[in-house]
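S.K.: If you want the building blocks of each chain, they are given just below.
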Amino acid sequence: MSALLEVADLRVTIGSTAAVRGASLTVNKGETHCLVGESGCGKSITALSVMGLLPRGAVRETTALRFAGEEIGRYGERQMERLRGDRMAMIFQEPMTSLNPAYTVGSQMTEVLRRHRGTPRAQAVDRAAELLARVGITAPGLRLGQYPHQLSGGLRQRVMIAMALMCDPELLIADEPTTALDVTVQAQILRLLAGLQKDLGLGILLITHDLGVVARVADRVSVMYAGEVVESAPTAALFAAPEHPYTRGLLTCVPVPGKVKRDEPLGSIPGVVPRIQPGFAGCGFRDRCAQANAACAGTIPRREAAAGHEVLCTLPPGWGGAAAA
Amino acid sequence: MSAPAIEVRGLRRVFRVRQGLFASPREVVAVDDVSFSVPAGSVLGVVGESGCGKSTLARLILGLLEPSAGDVLVDGQRLGGMDRRARARLIQPVFQDPFASLNPKRRIRDIVAMPLIAQGDVARADIDRRVGEALDRVGLSREQGTRFPAQLSGGQRQRVAIARALVLRPRIVVCDEPTSALDVSVQAQILNLLAELRRDLGLTYLFISHNLAVVEHIASEVAVMYLGRIVERSESERLFAAPRHPYTRALLASVLTPEPGLGVPDVGLGDTMPDPANIPPGCRFHPRCPVAIAKCSTEAPRPTADAAGLVECHLA
Ligand SMILES: Nc1ncnc2c1ncn2[C@@H]1O[C@H](COP(=O)(O)OP(=O)(O)OP(=O)(O)O)[C@@H](O)[C@H]1O
Ligand SMILES: Nc1ncnc2c1ncn2[C@@H]1O[C@H](COP(=O)(O)OP(=O)(O)OP(=O)(O)O)[C@@H](O)[C@H]1O
Ligand code: SF4
Ligand code: SF4
Ligand SMILES: [Mg+2]
Ligand SMILES: [Mg+2]
Chain A
6 MSALLEVADL
16 RVTIGSTAAV
26 RGASLTVNKG
36 ETHCLVGESG
46 CGKSITALSV
56 MGLLPRGAVR
66 ETTALRFAGE
76 EIGRYGERQM
86 ERLRGDRMAM
96 IFQEPMTSLN
106 PAYTVGSQMT
116 EVLRRHRGTP
126 RAQAVDRAAE
136 LLARVGITAP
146 GLRLGQYPHQ
156 LSGGLRQRVM
166 IAMALMCDPE
176 LLIADEPTTA
186 LDVTVQAQIL
196 RLLAGLQKDL
206 GLGILLITHD
216 LGVVARVADR
226 VSVMYAGEVV
236 ESAPTAALFA
246 APEHPYTRGL
256 LTCVPVPGKV
266 KRDEPLGSIP
276 GVVPRIQPGF
286 AGCGFRDRCA
296 QANAACAGTI
306 PRREAAAGHE
316 VLCTLPPGWG
326 GAAAA
Chain B
7 MSAPAIEVRG
17 LRRVFRVRQG
27 LFASPREVVA
37 VDDVSFSVPA
47 GSVLGVVGES
57 GCGKSTLARL
67 ILGLLEPSAG
77 DVLVDGQRLG
87 GMDRRARARL
97 IQPVFQDPFA
107 SLNPKRRIRD
117 IVAMPLIAQG
127 DVARADIDRR
137 VGEALDRVGL
147 SREQGTRFPA
157 QLSGGQRQRV
167 AIARALVLRP
177 RIVVCDEPTS
187 ALDVSVQAQI
197 LNLLAELRRD
207 LGLTYLFISH
217 NLAVVEHIAS
227 EVAVMYLGRI
237 VERSESERLF
247 AAPRHPYTRA
257 LLASVLTPEP
267 GLGVPDVGLG
277 DTMPDPANIP
287 PGCRFHPRCP
297 VAIAKCSTEA
307 PRPTADAAGL
317 VECHLA
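Protein sequence lines, in the order shown, are assigned to chains A and B. Residue numbers for the first sequence, in our numbering: 6 to 330. Residue numbers for the second sequence, in our numbering: 7 to 322.
Hints listed in this document are in silico derivations from the structure and should not be mistaken for laboratory results. Positions of the beta carbon are idealized from the N, C-alpha and C atoms, including for glycine. Errors might be hidden in some of the hints.
[Unchecked claim] Label pairs and their calculated CB-CB ranges:
hint, chain 1, residue 1, chain 2, residue 2, range
1, B, I285, A, P279, 46 to 56 Å
2, A, D173, B, G76, 48 to 58 Å
3, B, E265, A, G313, 50 to 60 Å
[As the list claims (entries may be wrong)] Not everything, but these chain B residues come out facing chain A in the computed CB check (under 10 Å):
hint, residue
4, G69
5, V190
6, A225
7, T278
8, I299
9, S303
[To be verified] Computed footprint of chain B on chain A; a stretch qualifies when at least three of its residues, placed anywhere within it, have a C-beta under 8 Å from a C-beta of chain B:
hint, segment
10, 21 to 34
11, 210 to 222
12, 264 to 278
13, 311 to 321
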């Protein structure tokens, strides 16, 4: 497998918030890498860093940011613009922010292809219709003529996916693509993404806070907490043998049908996610961690629990015997 | 046997919506001839897709909306003629968005005191004491009571909303997506709190959620809504073990449990989206139903009820 996207030691500061504090991750060709974590832990900012779309005032540093082997960390806006929507595409957390309410679906979809490839209009329309059909939209012709507000949430999300695929990207970043959707529609959209990936060999970075989604679609998972990737592992290993106390806690919080009896308490993590300021040292989880010890205020080692299974924690791999979850 | 905590009979609510400036108004039947009862001390979970009428049902039961037809009885009394203050002592809401439902300009303890003040006859000292008790119950400190909503986290705000719902010591709490805006770790804290309160105070919940795993965890009975109707209702164990309505089966199939290797199931519903302003003839689920037969598109199925529940499908 070859690395499509490599992010090494990403740091993003926005004003007085250390939004990302040394995150590293790799997305291979044809692989789905899930980025999971609670609200505010830095998932979207990580994605936007890769796309070169950080909010004004954000400061980004990395030791490497490579796309298809090429260092893009120092690309200017013009160069990034050429990549975006072409070789790397993103589906945003809120579809309405990236669909323009004033233009029809058709004109927005064809515009991408015309801008990047100079494709003639008629051909671009054909391509748009083909992709809408491919994402399971039954009357593509009709939808091309409609405005975003005339579509249901599920249809809008399909349009977003189709639009992201217009130029055959190699990397697709999907930020909570199904969070706002009903469960039945979520399942349909996720199946669709999996199918496209198989057919097109896409590398996908999928951001979600839903561990059910992660378990079902990811090849690899990175768990973020307070701006850091605290654990990264192949999916089966993460669920079977979680190492980081936060990951272990998180897995007991999710109600699983048939697993926890009614009225028996779910596992829970006391406290709330802290807001981390620049200059913070030590483990960001330590005020909620039952295992916290003196070493946790210092530099936290990144350890390998097994091949490809990394953990950012002072505890030895396999601590506490069998995995708690 | 005592009266059910909640009983609704033939409940219906129609909204008139105008889609364009010159378009004639269309009718949206958000809740369509719904009947059920909830025994005291139990939890009825209500599930279904966005727009199926869950919140409308909740607001009808809370008396925040007038029914177009039908009745709501709370603790054996008709909601229709009931005095507002008496109603507030019986039944209270907890809504999804803990931020939108709390006045940002008031301190937490004043927010929690509002229902007591609205009663008009509670002494100041009693108000302070009961607010303090309610904050304790939900795990908030007195110091947190002096803060403003913006100074609390989402989970803490939801605790405030629960404290406000409990301060009049109601019998019934209607929870509309109480954890949907929260992170999983905070969701678990709030679910545990709600379960503990129900046990300790003998509360009855109407618990609305689109998260089936959450509903399975907390509800003793589950009602599945589709385009304004309850298409299946049964005891929780039975519904999850042996769903009878094709829509219930599709919903359950869509639940993605955190079990790696299972992939994403094909729920078999196609891409037709339900439109509450345009309810199909016959069985309202037929355009999406994977097992529909000829008469489904012309003839609406009647509900068949037995001791354990109800299902509304020609094939059930
Ligand atoms: N435009 C912005 N200006 C200032 N701070 C921001 C901005 N966007 C994000 N942040 C901060 O950066 C941190 C990381 O935010 P991010 O949006 O990446 O979180 P997330 O993991 O995507 O959360 P969610 O699950 O809620 O989408 C948070 O503390 C957030 O408040
Ligand atoms: N005040 C209103 N005016 C007009 N239509 C309304 C009003 N309230 C609800 N509706 C419509 O009634 C239907 C049911 O809405 P409701 O909010 O009860 O659904 P829901 O099941 O709670 O959905 P969600 O899961 O999205 O919260 C929808 O079509 C909605 O647009
Ligand atoms: S480094 Fe320490 S505080 Fe952080 S998760 Fe590990 S044991 Fe807990
Ligand atoms: S009545 Fe027909 S269309 Fe409706 S759920 Fe049953 S089989 Fe499906
Ligand atoms: Mg985000
Ligand atoms: Mg609702």
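S.K.: Against this structure, judge whether each hint is valid.
M.R.: A quick look at each hint next to the structure:
no.: 1; hint: B:I285 to A:P279: 46 to 56 Å; verdict: holds, 48 Å
no.: 2; hint: A:D173 to B:G76: 48 to 58 Å; verdict: holds, 55 Å
no.: 3; hint: B:E265 to A:G313: 50 to 60 Å; verdict: violated, 21 Å
no.: 4; hint: G69; verdict: violated, 28 Å
no.: 5; hint: V190; verdict: holds, 5 Å
no.: 6; hint: A225; verdict: holds, 8 Å
no.: 7; hint: T278; verdict: holds, 8 Å
no.: 8; hint: I299; verdict: violated, 21 Å
no.: 9; hint: S303; verdict: violated, 18 Å
no.: 10; hint: 21 to 34; verdict: violated (count 0)
no.: 11; hint: 210 to 222; verdict: holds (count 9)
no.: 12; hint: 264 to 278; verdict: holds (count 11)
no.: 13; hint: 311 to 321; verdict: violated (count 0)
Hints 3, 4, 8, 9, 10, 13 from the earlier list are contradicted by this structure; the remaining hints agree with it.
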